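Student: Go ahead and model the full structure; you've got the sequences and the hints to work with.
If you read the protein sequences in the order shown, they are chains H and L. Quick note: the first sequence uses our numbering, first residue 1, plus one each step. Quick note: the second sequence uses our numbering, first residue 329, plus one each step.
Calculated from the structure, these hints are not laboratory results. In this text, all values refer to a predicted model and were calculated from it rather than measured experimentally. From the three backbone atoms N, C-alpha and C, an ideal C-beta is built for every residue, glycine too. Wrong hints could be hidden among the right ones.
[Claimed, not checked] Listed below are several chain H residues computed to face chain L (Cβ distance under 10 Å; list not exhaustive):
{"hint": "1", "residue": "Leu49"}
{"hint": "2", "residue": "Asp77"}
{"hint": "3", "residue": "Met80"}
{"hint": "4", "residue": "Ser81"}
{"hint": "5", "residue": "Ala82"}
{"hint": "6", "residue": "Ile83"}
{"hint": "7", "residue": "Gly89"}
{"hint": "8", "residue": "Phe90"}
{"hint": "9", "residue": "Val91"}
{"hint": "10", "residue": "Gln93"}
{"hint": "11", "residue": "His111"}
{"hint": "12", "residue": "Ile113"}
{"hint": "13", "residue": "Ala114"}
{"hint": "14", "residue": "Ala165"}
[Stated by the list, open to error] Pairwise CB distance ranges (calculated):
{"hint": "15", "chain 1": "L", "residue 1": "Arg416", "chain 2": "H", "residue 2": "His150", "range": "45 to 55 Å"}
{"hint": "16", "chain 1": "H", "residue 1": "His150", "chain 2": "L", "residue 2": "Gly488", "range": "55 to 65 Å"}
{"hint": "17", "chain 1": "L", "residue 1": "Arg452", "chain 2": "H", "residue 2": "Glu39", "range": "31 to 41 Å"}
{"hint": "18", "chain 1": "L", "residue 1": "Ile456", "chain 2": "H", "residue 2": "Arg298", "range": "41 to 51 Å"}
{"hint": "19", "chain 1": "L", "residue 1": "Glu485", "chain 2": "H", "residue 2": "Gly75", "range": "45 to 55 Å"}
{"hint": "20", "chain 1": "H", "residue 1": "Thr64", "chain 2": "L", "residue 2": "Arg578", "range": "28 to 38 Å"}
{"hint": "21", "chain 1": "H", "residue 1": "Gln151", "chain 2": "L", "residue 2": "Cys649", "range": "20 to 30 Å"}
{"hint": "22", "chain 1": "L", "residue 1": "Thr508", "chain 2": "H", "residue 2": "Glu137", "range": "51 to 61 Å"}
The lines below spell out each chain.
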Amino acid sequence: MTGSLLEIERLSVSFGGLRVLDDIDLKLAPGDRLGLVGESGSGKSTLGLAILGLLVDTASVSGTIRFAGAALPIGDDRAMSAIRGGRIGFVYQDPMGGFSPIHTVGRHMHHAIAAAEPDISRRAARERAAALLAEVEIRDSAARLDDYPHQFSGGMLQRIMIASALAGNPQLLIADEPTTALDATTQANVLRLLDRIASARGMAVILITHDLGVVGRFCGDLAVLYCGNLVSLTTVARAMANPVHPYTRGLLDARPRLDEKPARLRTIGGVLPRAGAAGGGCAFEPRCALGRGVAICRNERPLLLANRSGDRVACHLAGAESEVAASC
Amino acid sequence: MIRTVLARLGLSLTAALGAALFAFLTLRVGPGDPARLVLGAFASDEAVAALRAEMGLDKPYVVQFVHYIADFVTGDWGKSYAMGEPVRSLLADRFPATIELGLCAFVIAVAMALLCGMVGSYARRDWITRLLRTLASFSIGVPQFWFGLILLMVGFECLGLFPGPVGRLGFGVPPPPSVTGLYTVDALLAGDLATFADACRHLLLPAVTLGLLPFGFLLRLFWANLDDVANEPFVLVGRSRGMTRWQVFRRYVVPNAIVPTLTASGLVLGQMLAGSVLVERVFNWPGAGALVTQGILQQDYSVVQTFILLSAVVYIVANLCVDVLVAAIDPRIARKDTAG
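Tutor: What follows is the structure, encoded as structure tokens:
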């Protein structure tokens, strides 16, 4: 697979013996948009940080991550610093917290630009910073470089965050819930902006979110994480039309809808088990509408296997599921 | 920035007046009569009343207070009843000595706290953090006079590296021509390096003793602030931009963590300028501490009131500097002042 931008193989992450990510396999081609979805605590943010090599010191990581053909030097922080920013960009969920309150936006931009290109002159860096801010539609961008973060709105800050993530012209952008902290209108604007920039630059994006609506608008592929396991990897279109994995179906059913008015939102019963608490069987079994109590689900770990349509699903009942679904 | 300074200055003056009023009232509300103390138990009531009138103590408190403030501002600090000398000449040598000791201790405490805090927070080796944590606990827990004596025993008696408790300069070394009253500074101004070195050698042990407690306090505070800021999202974001751990630490973590530490260090400075009686005793330092303690016991109003106001002024100037420094670092503070 020479065409892959990112290849994750058997990636596992644990914190003090607790497995937070379990044997993740994932591939991404240049320009791809992958939505990484799961409940809080499913390990989606951990996966993003693992790719960036920014997990805390106490995390133990195994497996390989290949980026643009070469294995990432995960354990070597100095070597990873050269890849972060320059090759892989990152957008954090909370734009207010993502900026040092005592530095101007221009300083932040300068730091990001200088990290990717150490020899750049102050003047050239400032011009680049202004151009990047203009790219994310900040009006009067050159003058606003001297303003402090508290002088911007949340939506503007998130756009500036995107601009600083673009400083090194990355081939991959990892956006960790980039719109969660914003109101609905601003969310739509930021997504539209991200869409335009990613298309124009041919940049691949991993969008980490728990909002399937955002994935539907923005992503081509959908990866679903449950309790540190990748349970489903399909295209967004197929997932929306016919979610094969019962967990994906549950997530889709839990979305609020405009065309019907249920008394309350549908939910998936139960809670996410504690990381590493899963026994020998499928981690979703206790909450699964199809497999609860089924012997094979309880006792055997389902593997992530390709099905007829080319999707990959980790579910013993994935084949039988469409008939069961039709009958209810 | 000018508005910030003015706003703080206004607040500070109010604080100084408050301090003066507090000192004034505390001395007068307490039991005893200075005139009686001066004249002795066997003086006639008429003599005491005459002296009270001469001292102005028969006037209402309000008048006394206004006189006190007006005289302080014009430089007439009154006479010590107990010593029969003008307060000005009593404090002329001693107040600078206290200031020199306090400032030096303060600089050592802050510099070491900043250094150790940064090392402790940045280092990833267990033994370094454990060592520094122990040092912080030791600094806070150890009694000042005991530590001073130990320093003298080791530095003077055993190693002979430092002079004994003989005051500000060695025997036979004349004080430098007085400009600021601080021997180290005056010696440098006069270009007299030998005197400067001697003054420094005499200053170091008492300053370390006096600075130990604030060092421990500031170290803990700064360290905790650094650790807090290191968990802020902007640190993660900075790292994701390709900055190294050190770059992010230097650019984002330290400047953000230093603001509350600076504010606290301003408060500490006030303590150091006033509260060095014990250390002055141990090292025979000719500061104002002993004079003021004696003044309080003898109800020597002018000495105590003047010292308290002088300390308040120094304290205010120091905190004003800190405030300006903080406003220069943190744009949100300067903005709050100009908005309000």
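Student: Under the constraints set out in the numbered hints, which ones does this structure not fulfil?
Tutor: none
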